[in-house]
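Protein chains: 2
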Amino acid sequence: MLIPLPKTPLPSPDAITRALLDLGRTLGDSKVLTGDACATYARDESEATGRVPAAVVLASNAEDIRRTLTIAESTGVPVTPRAGGTGRTGGAVPVAGGIVLATDAMKQVKEINAKDLLAVVEPGIVTGDLHALVEREGFFYPPDPNSLGSCCIGGNVAENAGGPRAFKYGVTREYVLGLEACLMGGRVLRTGKRTVKGVTGYDVTSLLVGSEGTLGVFTEITLRLVPKPPEVATVLALFEDVRHAGAAVSRMIARGLVPRCLEMLDAATLDAVRAQKVAIDPRARGMLLIEVDGEAATTQALLEQIAEVLSGGPGLIDLLAAQDPAQRARLWEARRALSPATRKLAKYKLSEDIVVPRSRIAELLEGVDVIGADTEVRHLTYGHAGDGNFHVNFLWNDDGERPAVDRAIEALMRLTISLGGTLTGEHGIGLSKAEYLPLEQSEELIELQRDIKRLFDPKELLNPGKIFPVRPGHGGC
Amino acid sequence: MLIPLPKTPLPSPDAITRALLDLGRTLGDSKVLTGDACATYARDESEATGRVPAAVVLASNAEDIRRTLTIAESTGVPVTPRAGGTGRTGGAVPVAGGIVLATDAMKQVKEINAKDLLAVVEPGIVTGDLHALVEREGFFYPPDPNSLGSCCIGGNVAENAGGPRAFKYGVTREYVLGLEACLMGGRVLRTGKRTVKGVTGYDVTSLLVGSEGTLGVFTEITLRLVPKPPEVATVLALFEDVRHAGAAVSRMIARGLVPRCLEMLDAATLDAVRAQKVAIDPRARGMLLIEVDGEAATTQALLEQIAEVLSGGPGLIDLLAAQDPAQRARLWEARRALSPATRKLAKYKLSEDIVVPRSRIAELLEGVDVIGADTEVRHLTYGHAGDGNFHVNFLWNDDGERPAVDRAIEALMRLTISLGGTLTGEHGIGLSKAEYLPLEQSEELIELQRDIKRLFDPKELLNPGKIFPVRPGHGGC
Numbered sequence: 001m002l003i004p005l006p007k008t009p010l011p012s013p014d015a016i017t018r019a020l021l022d023l024g025r026t027l028g029d030s031k032v033l034t035g036d037a038c039a040t041y042a043r044d045e046s047e048a049t050g051r052v053p054a055a056v057v058l059a060s061n062a063e064d065i066r067r068t069l070t071i072a073e074s075t076g077v078p079v080t081p082r083a084g085g086t087g088r089t090g091g092a093v094p095v096a097g098g099i100v101l102a103t104d105a106m107k108q109v110k111e112i113n114a115k116d117l118l119a120v121v122e123p124g125i126v127t128g129d130l131h132a133l134v135e136r137e138g139f140f141y142p143p144d145p146n147s148l149g150s151c152c153i154g155g156n157v158a159e160n161a162g163g164p165r166a167f168k169y170g171v172t173r174e175y176v177l178g179l180e181a182c183l184m185g186g187r188v189l190r191t192g193k194r195t196v197k198g199v200t201g202y203d204v205t206s207l208l209v210g211s212e213g214t215l216g217v218f219t220e221i222t223l224r225l226v227p228k229p230p231e232v233a234t235v236l237a238l239f240e241d242v243r244h245a246g247a248a249v250s251r252m253i254a255r256g257l258v259p260r261c262l263e264m265l266d267a268a269t270l271d272a273v274r275a276q277k278v279a280i281d282p283r284a285r286g287m288l289l290i291e292v293d294g295e296a297a298t299t300q301a302l303l304e305q306i307a308e309v310l311s312g313g314p315g316l317i318d319l320l321a322a323q324d325p326a327q328r329a330r331l332w333e334a335r336r337a338l339s340p341a342t343r344k345l346a347k348y349k350l351s352e353d354i355v356v357p358r359s360r361i362a363e364l365l366e367g368v369d370v371i372g373a374d375t376e377v378r379h380l381t382y383g384h385a386g387d388g389n390f391h392v393n394f395l396w397n398d399d400g401e402r403p404a405v406d407r408a409i410e411a412l413m414r415l416t417i418s419l420g421g422t423l424t425g426e427h428g429i430g431l432s433k434a435e436y437l438p439l440e441q442s443e444e445l446i447e448l449q450r451d452i453k454r455l456f457d458p459k460e461l462l463n464p465g466k467i468f469p470v471r472p473g474h475g476g477c
Numbered sequence: 001m002l003i004p005l006p007k008t009p010l011p012s013p014d015a016i017t018r019a020l021l022d023l024g025r026t027l028g029d030s031k032v033l034t035g036d037a038c039a040t041y042a043r044d045e046s047e048a049t050g051r052v053p054a055a056v057v058l059a060s061n062a063e064d065i066r067r068t069l070t071i072a073e074s075t076g077v078p079v080t081p082r083a084g085g086t087g088r089t090g091g092a093v094p095v096a097g098g099i100v101l102a103t104d105a106m107k108q109v110k111e112i113n114a115k116d117l118l119a120v121v122e123p124g125i126v127t128g129d130l131h132a133l134v135e136r137e138g139f140f141y142p143p144d145p146n147s148l149g150s151c152c153i154g155g156n157v158a159e160n161a162g163g164p165r166a167f168k169y170g171v172t173r174e175y176v177l178g179l180e181a182c183l184m185g186g187r188v189l190r191t192g193k194r195t196v197k198g199v200t201g202y203d204v205t206s207l208l209v210g211s212e213g214t215l216g217v218f219t220e221i222t223l224r225l226v227p228k229p230p231e232v233a234t235v236l237a238l239f240e241d242v243r244h245a246g247a248a249v250s251r252m253i254a255r256g257l258v259p260r261c262l263e264m265l266d267a268a269t270l271d272a273v274r275a276q277k278v279a280i281d282p283r284a285r286g287m288l289l290i291e292v293d294g295e296a297a298t299t300q301a302l303l304e305q306i307a308e309v310l311s312g313g314p315g316l317i318d319l320l321a322a323q324d325p326a327q328r329a330r331l332w333e334a335r336r337a338l339s340p341a342t343r344k345l346a347k348y349k350l351s352e353d354i355v356v357p358r359s360r361i362a363e364l365l366e367g368v369d370v371i372g373a374d375t376e377v378r379h380l381t382y383g384h385a386g387d388g389n390f391h392v393n394f395l396w397n398d399d400g401e402r403p404a405v406d407r408a409i410e411a412l413m414r415l416t417i418s419l420g421g422t423l424t425g426e427h428g429i430g431l432s433k434a435e436y437l438p439l440e441q442s443e444e445l446i447e448l449q450r451d452i453k454r455l456f457d458p459k460e461l462l463n464p465g466k467i468f469p470v471r472p473g474h475g476g477c
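Quick note, the sequences are listed as chains P and D, same order. Using the UniProt record's numbering, you'd call the opening residue of the first sequence number 1 and step up by one each time. Using the UniProt record's numbering, you'd call the opening residue of the second sequence number 1 and step up by one each time.
Selected chain P positions facing chain D (Cβ under 7 Å, derived; list incomplete):
no., residue
1, Asp116
2, Asn160
3, Arg187
4, Lys197
5, Gly198
6, Val199
7, Tyr202
8, Ser206
9, Gly210
10, Gly256
11, Val355
12, Arg358
13, Gly428
14, Leu445
Just so you know, the hints here were simulated from the structure itself, not pulled from any lab data. Glycine included, each C-beta is placed from N, C-alpha and C at the ideal position.
Could you build the full structure based on these sequences and the hints that come with them?
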């Protein structure tokens, strides 16, 4: 356990007993795991380990969710919603035990509407499966978090997930037209619309997207689709130094060029890729992975402009175009394997997810090197350069190094804020970054959000301990 | 006064006296209008006339706003914020008198950041002036409400304004990165970010955008800019019938073609344009005004694809390309003049702003004709066909016709909802549509929004009577 759990109130043994009894009676025992079977639900893909839940509800429909949240509120037992369990900041980690509400069995695609370009889905469908499904019918769902092979749409909406294609297409919020959500206590809320435009009332849909499972549990999601771009092309640019890569990104943005992805890898990351036996020119100490899409003519024109901009600056070693889908797949395999590959480099790894204004990328990269040197913590950086969103990874082997890592993380957060940036671009605040929230947001803004949280969940039982720093003597909210 | 005012609580004469005294003492008499000078502030561009306010504060900076909202809450006097006063649903109409807080003198552009593609502005800058300013530097701010020559950014953000270019570029919300807002009582909130990506905490920025002046008054707005598209081309397609125009829109969307504007005018609207001495082929009973932008090569390719799709269906009479900026300007002049032109057709006009899924456009147009025939109310329809967002206008001359008009409006709202649509695409709910809100949203969702409103403004003094239907014995919220 690398992240200390916040001191949120724990449910009483009596409350647990009553909740288990009610759950079994209402849902049937086959949908309620207890005992040893619950152990794996204490964790997600973050470094945090929660308290093993007393029960895991395997919801198979909206009514299971409604009943669970009704029982939880009436018995006073906290609930941690979970979809794919692939989050990186502990969003699905049950910090107070209680009930984990698993929605990953709810995989129904209720509608794919070809005329209105929308899909209505349950929260448990795997993002990559949705991609495949809609692409077969000529449509495209752009958000592509790295974990798309195992993460679920419900979690993507809860965390407002991004991914490489966010540079051109935006993040999950821009594709959520409407939601059905169940609130703690069992109230059901339908928000949003089936039209691309609409300003009726407050934007409660956007409030729910990215709320990290603290406001409600999604039972149905209406997603906007776009037509599938007919052509895709990938280009790899190798640089003598990552700063030259950063300068090339700035030139592309200033020129108004919008590839769908604009990924950057630094020297240490390239070494990790090489260790996976991917052949990369040994002189390269910085790389851009660029992907364009659209109609054939547009794509070709954009590729030529990008090549011109890349060649027009210093430090370019080589420019390689993927000639076919197999080559494209190989390039992306290396990129997608980065997270597991870097995990192998050391016993422990923490991947941060900060964003800086795109004009400050060079300062960020220099600052990260200074932090690494000061704290003597090994680090590597890659990420969505087009958005200024970087995954700074800290690596270490010895438990004794942890205080230095904590200093490095705090220094990175402070650096990010000083550059006009934000703590998280796509992973959320969760458990991992709650203590840093006051670096970015004022006490007034945090208090207002705590008030909003209590409107939805007065007893603070839904995903406690997330987003907001825990105050002494208070719960997680 | 065509729209009855909701029965919101009125401030006591004592409260007004104390507020006036405090305002004069704190802001200086030059910033506080009273008496006859306040009369014009009882109205905006909607058909509603409010109660003449006791005072109008001409704010020249954020501190004026903070002081006004502090005094208003302590004395219990309602405040109606106002920017350009061009709203169509009564958002700036003071239903309870009190104070109008005018922000249109706050026109400062604090920053245009060329590297990070953003602008930081005060709420009073006229949208068209902002367009000109950023375009001179090579940037582009897409939202273009019809009133862009006189509406202000502050009002655009409050209403989440759209415009023709929303089809490609999206509405105001997609360009608001961050806000500084002052809440009733004087609390100042800074929300959002300066980066394109960021998921820290709840999306309070999106909650404030489109909140129609009921949650806070914007004192500073951080806007995302995009590079100015180098080429723009405009095409006019004339059809034998508006339904053929609708079918052509569906074909373009299915093909994935994204012009920046895709406007539709029906036969009655074309007659109104002809009455302005704009020459249009007399056979045309439906028209599409299509505009594309981008790099030269892309623009040309897109134009050719659009021409192919338009020619491939029935009912096309003619296809005219604007050959130069003067021709483009003339085409748009006719479109922009529609609102004043149609106003001249009758003594009274109400312009609705509904949205339907794009597959239901034909049903909407047929349904509107049925409503017109049933109620015998004259009507015409034009709007942003690409988004399914139509301005259905009802016209009448005799006060005695008003009950029939009310029946027509209600029938239109019910038709819209039955087609899976939404009550408003860009004008907001305001006063005009508050009574129809329960047609679209559940009691639970409306109650939750009332609760959110009270978090921001516990005494319900900020822009009372807007969005939510007034309950007997209650105020506007």
